[in-house]
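Assemble the whole structure, with the sequences as input and the hints as a guide.
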Amino acid sequence: MLVAITGASGVYLAIRLLEILNKKEVGIELIISKNAEKIITLETDYKISDIRKLAKKNYDADDLLAPPASGSYKLDTMIIIPCSMKSLSAIANGYANNLITRAADVVIKEKRKLILVVRETPFSAIHLENMAKLAKLGVIIFPPIPSYYIKPKDIDELIEFTIGRILDQIGIESNIKRWGNS
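All you need for the working numbering is the position in the sequence shown, starting with 1, plus 33.
No lab work stands behind these hints: they were computed from the structure.
Just so you know, even glycine gets a beta-carbon here, dropped at the ideal spot from N, CA and C.
Incorrect hints may appear among the rest.
[Unchecked claim] Pairwise CB distance ranges (calculated):
hint, residue 1, residue 2, range
1, 103, 206, 30 to 40 Å
2, 89, 156, 29 to 39 Å
3, 198, 153, 10 to 20 Å
4, 103, 182, 39 to 49 Å
5, 89, 212, 27 to 37 Å
6, 98, 189, 33 to 43 Å
7, 166, 213, 26 to 36 Å
8, 156, 201, 17 to 27 Å
Rendered as structure tokens:
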């Protein structure tokens, strides 16, 4: 599984996803964009090196010769979390200017699973058009919208629920509160 972190607010979602996937012993490959590194520093107390340790393989976002840039490299799933509108636009328009957008392009053309945890609010018509274009191709558009029926006590419960719903999309069990069981 390939996880990419782009330069949008909400990087803690990515860190938490990586921690949980690591505990579940999922083989994780990771790309962190340069802007994501800046956001990680602004939003968290994590060191980039500690986040990279959560993955089995790490790639430089500018390395278009890395294995995920090729369709012959087998990946089941790619999750971009958070996914900036810049990355969304590049993917929707086939602009593979870095390893994240190139790998997403490959995942789409190879008909593999791509999940974009898009972060922006409100969405503009351009954002929605780009999301619709990708959704028509089978890309899962997953804005991290809170579910209030779980009656969260704090933001960590909202984050855990969001990560649990992402895990649902890739067939990994989680212990989140479900509708009717909350």
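| said: Name the hints, by number, that the structure is in violation of. | reply: none
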